[in-house]
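Undergrad: On the provided structure of chain A, position chain B as indicated by the hints.
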Amino acid sequence: MRKNLNVIAAYSIMMGLIILVGIFQSWNIALSIFNLCLISAVMTMGANIQWGYAGLINFGIMGYTALGGLAAVLISVNPVQDAWSAGGLNILFSLLLIIGMVLAVRYVLKKYEKSKTRTYIIAAIIILGIIIIRFVSEPGIEAIEEVDPAKTGFLGGFGLPIIFSWIVGALFAGGLAFVIGKVALGLRADYLAIATLLISEIVIAIIKHEDWLTRGVKNVIGLKRPAPYEVNLQQTDWFINLVEKFNSGKLNLISDFAERQAALNQFVIEGSSIFVKLCYSGLFLVVVIILLILTQKALYSPWGRMMRAIRDNEEAANAMGKNVVKQHLLIFVLGSAIVGIAGAMLVTQDGLFTPGSYRPMRYTFLIWVMVIVGGSGNNFGAILGGFVVWFLWIESAPIGLYLVNLTTSGLDDTHFLKVHLIESVPYFRFLMMGAGLLLIMRYRPKGILPEKIEIK
Amino acid sequence: MDFLNAIILLLNYIFIPALAYGSQLALGAIFVTLIYGILRFANFATGDMMSFGTMFTILFTWYFQSVGISLGVLPTALLAIPFAIIFMIGYMLLIDKFVFKYYRVNKSPPVQLAMVSIGVMFVTQAVVRIIIGPSDRRFFDGEKFLIRAGEFKDMTGLNEGLAIKSTQVITILVTVILVSTLFWFLNKTKTGKSMRAYSDNEDLALLSGIDPKKIVMITWIIAGILATIGGALYGLDKSFKPFTYFNNMLPIFAAAIVGGIGNPFGAFLGGYVIAFSEILLTYAYKKFFMYVLPESMEPDGLIQLLSTDYKFAVSFSILVIVLLYRPSGIFKGKVL
Chain A
95 MRKNLNVIAA
105 YSIMMGLIIL
115 VGIFQSWNIA
125 LSIFNLCLIS
135 AVMTMGANIQ
145 WGYAGLINFG
155 IMGYTALGGL
165 AAVLISVNPV
175 QDAWSAGGLN
185 ILFSLLLIIG
195 MVLAVRYVLK
205 KYEKSKTRTY
215 IIAAIIILGI
225 IIIRFVSEPG
235 IEAIEEVDPA
245 KTGFLGGFGL
255 PIIFSWIVGA
265 LFAGGLAFVI
275 GKVALGLRAD
285 YLAIATLLIS
295 EIVIAIIKHE
305 DWLTRGVKNV
315 IGLKRPAPYE
325 VNLQQTDWFI
335 NLVEKFNSGK
345 LNLISDFAER
355 QAALNQFVIE
365 GSSIFVKLCY
375 SGLFLVVVII
385 LLILTQKALY
395 SPWGRMMRAI
405 RDNEEAANAM
415 GKNVVKQHLL
425 IFVLGSAIVG
435 IAGAMLVTQD
445 GLFTPGSYRP
455 MRYTFLIWVM
465 VIVGGSGNNF
475 GAILGGFVVW
485 FLWIESAPIG
495 LYLVNLTTSG
505 LDDTHFLKVH
515 LIESVPYFRF
525 LMMGAGLLLI
535 MRYRPKGILP
545 EKIEIK
Chain B
119 MDFLNAIILL
129 LNYIFIPALA
139 YGSQLALGAI
149 FVTLIYGILR
159 FANFATGDMM
169 SFGTMFTILF
179 TWYFQSVGIS
189 LGVLPTALLA
199 IPFAIIFMIG
209 YMLLIDKFVF
219 KYYRVNKSPP
229 VQLAMVSIGV
239 MFVTQAVVRI
249 IIGPSDRRFF
259 DGEKFLIRAG
269 EFKDMTGLNE
279 GLAIKSTQVI
289 TILVTVILVS
299 TLFWFLNKTK
309 TGKSMRAYSD
319 NEDLALLSGI
329 DPKKIVMITW
339 IIAGILATIG
349 GALYGLDKSF
359 KPFTYFNNML
369 PIFAAAIVGG
379 IGNPFGAFLG
389 GYVIAFSEIL
399 LTYAYKKFFM
409 YVLPESMEPD
419 GLIQLLSTDY
429 KFAVSFSILV
439 IVLLYRPSGI
449 FKGKVL
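Here the protein sequences line up with chains A and B, keeping their order.
For the first sequence, the numbering used here puts the final residue at 550, and the numbers step up evenly by one.
For the second sequence, the numbering used here puts the final residue at 454, and the numbers step up evenly by one.
Please keep in mind that the hints were generated in silico from the structure rather than gathered at the bench.
Beta carbons: idealized from backbone N, C-alpha and C, even for Gly.
A portion of the hints provided could be inaccurate.
[Said to hold, decoys possible] Short derived list, chain B residues pointing at chain A, Cβ under 8 Å:
#1 160
#2 228
#3 232
#4 233
#5 234
#6 241
#7 375
#8 425
#9 427
#10 430
#11 442
#12 445
Only chain A is shown next, with the shape it has when bound in the complex (with noise of 0.2 Å):
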């Protein structure tokens, strides 16, 4: 209990905080902050594990988290069958091809030794390969995008219920990481940040692009939710007997029955967003207790002392016969998986797919900021660093306003220094967030929560 002491204080000082935010702008707002600092819990536990674990650093969290989006779309929306009709066949075949391709080089890098030929023949069956895909997809795509353009015009997904697409984002992140991994990890540790950051970058572009698969962006929004709706709620009894008893006392000092019911409407209308919200929250609570128990497992399990052997001489764990390259991939697969999952959830909490809001900004240096913050190597600051940060990064504005307006009280309300500045409030964000990492990365350089390696 002593030892953990710091890690409950910054715990309730940050769920004071959210509070703080919900009495005194509105509970809206404090669950919606709260539910994004969640999924950002989720994408630091991904980053944490794959840096403060083992060491790995991966810029590519941008691409993961939208392959999970991908994966929610892929899974819930009704499956198009004028487009399947249309252009299915084209793209299924297309798949086959590149399977075909991609076995075909693995095929010539197994038989062959290592030559200029090999070299040759393996560019030749790729660029045949995008040939003859590109020959045979064509037709099929011109064919699946003019079915409907307006509302679908491309190949929809499964109809399943979207939690599955969790599981299945992890599933989609995770193969995207196997082959990145197989692909990159020998690098040094810059180049593989400036090659995972380039990769991410050409998976939003393929994702932009191809409108047969989700739309491009042209975004696909309404998607199915796990929560019930909120038009729904407010006309269901039990919810408006509950909202009724909740607010009773305010309700009892309006004597006048039409008003008394024009006020439960408000409060009914009020309650039905609040509560769809903590269904959310309730869902992804879930996930962030299930990882938090799996990954501590892990960090005082013996693989997880040999990942910390790894992380800190490489030799010589290779040298005590432990597997560097294998066990370097499968945190690499883990970590982007959970990623995927954080995707998944973020696409299933906004109902929609927008794939030109996919920034590296954003998704990647931010969930960056949030590992070093909070405490590398050390779950409970990842997941700590990720309230900390998303925090600030939604209050930041406010904040900005309130510092602008004291700083420039000497100053005329039209005075255009004061003008130009409460215009710029939204950039303070950047400037506490780069600041923020710059104080913390000097004084604190383990983060608010440091790695605490104790062996049980």
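TA: Only chain B this time, still in chain A's reference frame:
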């Protein structure tokens, strides 16, 4: 005649734009490579440092325009660049003193310095957006075209016009002058040689009496010049938008690595490799084949290898291939 038309077509749509774009990338790539070779970290703040320098160029351009100073046919920005460079170098040295120096003195691992540069990236981005705002800005003035497409057609009687923008010519000329001065400096002067020695082997360089503080300072000064000019040229040719500059960091990194990181000449050529492959692979060759091939063989489709949306993806794929087969880059990296 058709053959000439085809050549003019390629010149107009591929060669000249790629040459200008490649020059802009090359300046950025040399910036990345210098920082990597001498200060030994991957600088993720590259794009934002370039936008910082460009911001000052724009501010000075506005000032000069407001007091009525101009260069006539040339853009006023050329006059503003030297002043912007002074501010930029000041900012660079300030950052180095308060941020990077601590980690350099403590001999932190390069990864930590890269993380710190992410902090600098956030701060710089915020400063730029607070001062000048996130919107698109054009600050070009003066004569826009050296040769207009219509004039060219009248002059030569060809079907295809050749338009040469003055910004393209300025970009290429300035790059040639700047890069050749830089190579002269690195290869012929004593300071340049000591920089190369420091990059090659730090301990040996220190033993032979090279002052590391001086090397670091000169590196930041050169980096400031490169970042400001590279950024301003890009802004003149296209337009200035902080977000685009941040994104440009990616092809710049690709250029630096493709050319062999730490090797300025490699970075210079890497810029052109990236620019040319981006444009060559995403250009629709239909018209070209219409000129070259006889009428009966005219193509139906656009003959476009990849859609233009994949412009960035092309450069990154090249990077991945280079990293796989020659991790040290096309021109062996890490020798300055």
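Undergrad: Min Cβ distance, residue 234 of chain B to chain A: is it shorter than 8 Å?
TA: This hint holds: residue 234 of chain B lies near chain A, its Cβ roughly 6 Å from the closest one there, short of 8 Å.
Undergrad: Measuring from the C-beta of residue 232 of chain B to each C-beta in chain A, is the shortest one below 8 Å?
TA: 6 Å, holds
Undergrad: Verify the interface restraint on residue 160 of chain B: the C-beta must sit less than 8 Å from at least one C-beta of chain A.
TA: 4 Å, holds
Undergrad: Please verify that hint: residue 427 of chain B, Cβ, nearest Cβ of chain A, below 8 Å or not.
TA: With a minimum Cβ separation of about 4 Å from chain A (threshold 8 Å), the hint on residue 427 of chain B holds.
Undergrad: For the hint on residue 241 of chain B, just tell me whether its beta-carbon gets within less than 8 Å of chain A.
TA: 4 Å, holds
Undergrad: Tell me if the interface restraint on residue 445 of chain B is satisfied: Cβ within less than 8 Å of some Cβ in chain A.
TA: 7 Å, holds
Undergrad: Can you verify the interface hint for residue 228 of chain B: is its Cβ closer than 8 Å to any Cβ in chain A?
TA: Residue 228 of chain B check passes; min Cβ-Cβ to chain A is 6 Å, inside 8 Å.
Undergrad: Hold the hint about residue 375 of chain B up to the distance rule: shortest CB distance to chain A must be less than 8 Å.
TA: 7 Å, holds
Undergrad: Would the hint on residue 425 of chain B stand, with a C-beta cut-off of 8 Å toward chain A?
TA: 7 Å, holds
Undergrad: Please verify that hint: residue 233 of chain B, Cβ, nearest Cβ of chain A, below 8 Å or not.
TA: At about 6 Å, which falls below the 8 Å cut-off, the nearest Cβ of chain A leaves the hint on residue 233 of chain B intact, so it holds.
Undergrad: Can the hint on residue 430 of chain B be confirmed by a CB-to-CB distance to chain A that is less than 8 Å?
TA: 6 Å, holds
Undergrad: Close enough to count: is the Cβ of residue 442 of chain B nearer than 8 Å to one in chain A?
TA: Where the cut-off is 8 Å and the nearest Cβ of chain A is about 6 Å from residue 442 of chain B, the hint holds.
Violated hints are absent here; each numbered hint is respected by the structure.
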